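Asker: Each chain is listed here by its residues.
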Amino acid sequence: MEANQNNDRRFYPLKLLVIPGVVLLSQLLFSILSQPDTINHDCAFILHGAQLILDGRHPMSGFLDMAPPITFYALVPFCFLCQSFALPLALTWNLLCLGFICATYILAILIVEKDADKHTARDWLMVGPLFCGFLLWNLVMSYHLGQREHLFVLTFFLFFLLRWKRLLGLEVDKRIAIGTGIACGFICFVKPYFCATVFALELYWFFNAVLRKRRTNYALLRAQEVLAFVAIGAACPLVSFAIPNIGEYYDRIIPLVVNGYQAFDVSKSALFSFESIHGQLVGNRLVVIAFVLLGLFLIRTTSLLAPLLVWTISGFAIYALQGKGWAYHSIPMVAGYYLTASIVVGMFAIYLLRLFSRLNKSGDYWSSKTINTDESHMVLSQSAVIAFLFYAALSIPFAASLIHNSSVSAKILPVLDTVIARETKPKDNVLILTTNFSAAFPVVLQTDRRQAARYLWCFNVPMVEMLRKGPDREKWDGEYASFIREVVADIRDSKPKLIAFDKWNDSLHRDLFQDPAVSEVLNGYEPLRGENGFALWKLK
Amino acid sequence: MNSNRLIGIFESILIGAVVFLNGLIIQTPLPDSWDLKFLDKFSQAIGDVAFLDIYLKRNPKSATGYAARARAYAIDGIWTEVVKNCDQAIELDKDDLALFRLRGKALFELDENAKALADFNHIVDSGSATAEDFSIVSLIDTRLNRFDSAIANANKALEKHAYWSTAFEARALAEYELGEYDKAMLDAQKSIEMYKERPIPFVIMAAILNDRGETDKAISMARDALKRDAACGAAYWQLGVSQDKLKQFNDALSSVNFSLSLATTDEWRAKELGSRALVYLHLEKADLARQDCDAALKINPLCKSAIEARKQI
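Respectively, the protein sequence lines represent chains A and B. Residue 422 in the working numbering sits at position 422 of the first sequence, with consecutive numbering throughout. Residue 236 in the working numbering sits at position 236 of the second sequence, with consecutive numbering throughout.
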């Protein structure tokens with residue numbers, strides 16, 4: 001009995017984690033089930049790559065993209081299962097992502113649960129707001145569910161909690177640490193920009209340990225999550241070398257991206273005003289800045305605020321470094337400041353409660369002293385419940401001002417849906433040549449068609465166009481000529497039932513139609529008509 | 001049941017309720033700057049459509065909401081959705097002429113000319129028609145083979161605005177169809193003088209030059225049109241006509257095929273099918289020529305190129 005009480009005492013009230021989890025994840029489940037065909041365009045694209053692998057077309061030989069080929073292979077088992085059991089790909093993917101969120105949440109609870117009695121009262125009381133903030137953040141990610149940035153935040157949240165606990169000198173579960181390191185390392189390999197946040201936080205943990213003379217806590221080589229992160233980071237490139245034609249990726253795609261990715265850059269004003277036409281996640285800029293400044297002001301009140309601010313700033317750096325202004329690039333930053341804001345509101349709740357308890361001359365359970373395990377469990381538990389309820393009530397007015405719900409700010413417009421449904425049938429090859437990514441995805445996945453072009457979208461065209469104007473013109477002219485030859489070969493070899501050429505990209509159109517080989521290969525096609533910005537051709 | 005348990009249940013319900021409320025509000029776009037005035041000023045098209053989908057679920061009687069969504073779709077050229085949203089907005093607010101104008105424009109783009117004309121006539125009848133409105137009415141008249149009315153409406157547009165580029169273009173097109181080549185040439189040139197980036201006046205000039213046998217100049221004009229819009233189907237059509245005259249039949253076939261893949265209206269499609277019929281004839285593919293002739297004449301019985309091809313079959 002006594003042992004049980006001790007067990008209970010050291011844990012943050014479970015209902016403050018379970019009830020929000022059940023409520024908010026149910027809301028997310030409802031949101032997923034209410035739009036079963038919706039799937040993020042990037043996820044649809046990567047899943048389509050995995051489908052093509054199952055069909056026998058491999059990255060770099062059967063199709064090309066900027067994303068590391070291992071990304072597509074990673075989703076092959078999922079696509080295989082969906083195909084085997086005839087599961088709807090979009091809905092199953094979204095449910096799997098919901099499963100990832102649930103798993104992350106449960107693991108996060110397991111991480112903070114251990115040695116909870118060794119936290120300071122304020123850190124202990126902030127567990128609820130932090131976890132609730134994490135759930136609310138996931139709730140607004142509904143359109144970006146499964147996006148690489150979203151998965152990064154899921155894995156990094158666990159990584160963050162593990163590193164935080166280690167800095168406080170607390171034990172963590174080895175198995176969770178290794179699993180988290182592997183997952184986070186893999187996502188960072190898929191998109192190396194994310195390493196900026198991991199490294200920035202690592203620097204913070206290091207300097208914090210040095211300055212606070214907790215150097216022994218910062219035992220990098222004994223931290224399983226870090227070792228697993230580094231190991232997977234090293235293993236992924238090695239495994240990649242087993243992929244057929246991987247040389248093409250490193251010799252052709254990487255140099256192109258390194259030299260030309262800036263072709264997608266937007267102006268600095270558009271970048272920093274977060275005004276992408278593809279919707280935005282950042283809420284009212286003034287409210288966001290106010291919360292970050294408040295976080296800075298309260299930085300000494302809890303050991304969580306400083307690392308969360310570093311997370312936010314590094315997230316901003318990731319967004320700014322990419323320079324594209326796309327909403328999903330801001331996901332790590334938005335997660336960082338949203339969690340910061342949750343803590344700030346939580347701290348404000350505690351400030352109000354302290355004020356209230358002083359006025360009533362009742363006991364002060366809100367100070368920053370270490371939790372006194374001699375206090376009755378009931379009182380501590382009640383303090384946490386009251387603090388949480390205050391936090392939740394106070395955060396209501398700010399909930400929608402800090403962040404824009406992604407499903408309310410992003411949508412895939414129906415561009416080729418009708419014509420694809422009308423002119424082709426499931427499993428048919430269609431060749432969509434476009435620089436407008438979302439015109440091709442997710443419609444190809446949703447309608448179970450196959451992209452016949454090796455360029456799943458013409459990511460190379462804007463880059464090569466820009467580079468052709470530079471000093472190395474001959475080289476990039478050659479690259480462009482190869483691209484046209486590859487398009488011709490794709491039409492000739494895969495005989496797509498429908499061809500759609502993007503009308504918006506002037507030079508793509510001009511160069512295609514001026515090439516005699518294109519004219520020749522199109523002899524087997526009947527021109528349909530222009531529709532929603534595409535020139536359409538049907539196999540005779 | 002002891003009091004502790006009751007308190008526990010009450011707390012749990014309270015926690016659930018307050019968290020649920022947070023979840024509901026964070027998914028709600030209405031606070032912050034997401035109001036319709038904001039949308040009017042800084043339309044973001046895709047974001048707007050997503051927002052308005054939810055806004056209109058909650059406010060199904062908001063004409064302003066439907067109008068805003070129609071405008072957002074118009075930015076991306078999804079004309080069928082523009083028409084649907086305008087229909088709903090007009091049902092709720094019959095007095096807003098801007099909605100008729102937007103729907104008329106969308107119907108014009110979708111080649112639904114009779115319906116488009118009805119919307120623009122409503123604007124004309126209200127006495128609020130602009131130079132652009134009359135110009136579009138003129139272009140619709142030409143599509144419907146009402147060339148005299150097209151010229152009259154283009155003139156009305158020019159009365160409203162003496163330097164209106166679209167009006168000159170519309171009049172040039174009607175004059176070309178009536179065979180008044182000198183006038184058409186002059187109006188096409190004026191249209192270009194007013195606004196150099198329009199490709200169609202170059203196409204009209206190319207068509208006139210082709211008819212006059214000045215093939216090299218026609219090719220140059222068609223290429224000028226393509227410089228302004230690489231996806232200008234009509235320019236490929238005239239390029240094809242020139243290549244046909246120069247006996248480069250395979251090139252001509254490719255060009256006319258390109259133009260057909262880009263054509264969004266029956267007006268141009270009929271012309272292009274007629275021209276392809278001529279190319280097929282020269283390639284000694286009479287069956288295909290006949291098919292194209294029939295298709296072109298079905299769309300437009302007065303199609304010049306199809307009539308010419310029919311004579312030769």
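Among the clues, some could well be false.
Here are the computed lysine-lysine pairs in the BS3-like style, where the Cα-Cα straight-line distance is at most 27 Å [to be verified]: (1) A:LYS538 - B:LYS285; (2) A:LYS540 - B:LYS285; (3) A:LYS469 - B:LYS227.
To spell it out: a stretch of chain A is covered by chain B in this simulated footprint if at least three of its residues, at any positions, have a beta carbon under 8 Å from a beta carbon of chain B; those stretches are [what the hints assert, rightly or not]: (4) 12 to 23; (5) 477 to 489.
Since the hints were derived computationally from the structure, they do not count as laboratory data. Fair warning: this is a prediction, and the values are worked out from it, not measured in the lab. Note that CB positions come from ideal geometry on N, CA and C, so glycine has one too.
Asker: Among the hints numbered above, which are violated by the structure, and what are their numbers in rising order?
Answerer: 5
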